[in-house]
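Peer 1: Residue numbers (this note's numbering), protein chains in the order written: chain A, 1 to 205; chain B, 1 to 249.
One should not assume that every hint holds.
If the Cβ cut is set under 8 Å, some of the chain B residues that face chain A in the computed set are [said to hold, decoys possible]: (1) A34; (2) T36; (3) L40; (4) A66; (5) I207; (6) D214; (7) L221.
If you're looking for bench data, these hints aren't it; they were derived computationally from the structure.
We put the CB at the ideal spot given by N, CA and C, even for glycine.
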Amino acid sequence: MQRSENYFCLKAMRMLLLILPFTFLLSSCWDFTYNRSSPPLEPPKMVWGYKPVFTVDSSILKISATSPQAVQNPGKIYVKGNLIFQNDLGSGIHVIDNTVPSAAANIGFIKILGNSEISIKGNTLYANSFTDLVVVDIADWQNVKELKRIKGAFNQGAQAGGYPVYNYIPVPERGVYYECAGYNLTHVLTGWVKDSVLNNNCFYP
Amino acid sequence: MHSIKKISIAGVFLLWFAIGCTKDGNNAADSSGAGTGGSLARFTIAANHLYLADYNEVHVYDLANAADPTKKTTVNVGFGVETIYPYKDKLFIGSRDGMYIFSIANPSFPVKLGEARHVRSCDPVVANDTIAYVTLQGGSACGPAQDGLYVYNIKDITKPVQTSLFPISTPFGLGLKDSVVFVCRGSSGLSLVNVKDPYSPKLMYTIADGNFKDVIPYDDLLICYVSTGLLVYDISNLDQVKKVGEVNY
């Protein structure tokens, strides 16, 4: 009898040893975290940030040449002959005379709302105004003429969220929250105004 | 008869000189009278066509009638297209997941020739006949790639082979002149890298005149996009480039 008690004990231990590894497999099915106390979710707070300003007046999209403008948000560059063109993010293109590089001078500005890209062939400028492709006659760049506007020529980025329409006119400050909801294609973004926004909105790093 | 011959010969010479003097046509396929953009451009003109880089597509417009571009096609490219650089009959497209090379032998309908995939990053491209240079920048907005100048052998255009990785921190746009690559490094300045041996790029020196974003080598001038606006350098002597212009807005 002594022997058989030992025998059962051994058998039970063997069974346990056999089952044990499988209990670890089962453990992956159990949620051990359900009763772990997690930090309480902070409700979104109002903080200083920026709200977009829209207009329904599409005449603001009119392309025109103006006197030299102060640089705000310098952007991409383009060279053609003795002229250098430099984008100013969201507002247009600076025209720089580089005939004498030591005296390179800002000589004018082409106002294109929502601009970031430049390319030129002959006397024709191909640029963007937000997601539209605009064709501009710059033969006399002090008196430029819009020839064509192709709506939404490259709006895939905006739709995919990769290059939101918002980015075409930068938020004036870095490290701030801005309101990113409520964009409407019939409205034109003209700029940003400082206001209180929720801190679960878009963030401009 | 003789005088007519002489005049015509003189005419040919004059024409040759005139062509040799024009500033256009230094790198891109811009015999069409197009200008030159930087390496960060998303718009480019080549072979009388306009190419617009969208999120993961490139839209193609024929400029036969300059005032009225005609949409030809839209080509699918990789994820997160950022830059487009024309060289001869090719387009080099930098996207977040790789460099793509398209033939524009038929400009209305680009055809993919090759690609070099890499880990996610931001990556403008410049190239010549045999080598493509890509700067990759890691970081939060871009991806986990190691910062550096990546050099690809593109002798076999269908299979770009990475020949070297030259570690260089925070690279942005870049430009190529002879065997020197200009690498913009933001607030760290502008670095000149000798790539005579594409297997072993060497840092020449770094200029710390500003916060450099992109450059356009234009004959003997280097036009630089910096955070404050524009700087112009004389690069006729690559061992000692010198600042010649600065635009004060």
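Peer 1: For each hint, tell me whether it holds in the structure or not.
Peer 2: Do the hints match the structure? See the list:
no.	hint	in the structure
1	A34	4 Å, holds
2	T36	5 Å, holds
3	L40	6 Å, holds
4	A66	4 Å, holds
5	I207	16 Å, violated
6	D214	6 Å, holds
7	L221	6 Å, holds
In terms of the numbered hints stated before, the structure departs from hint 5 and from no other.
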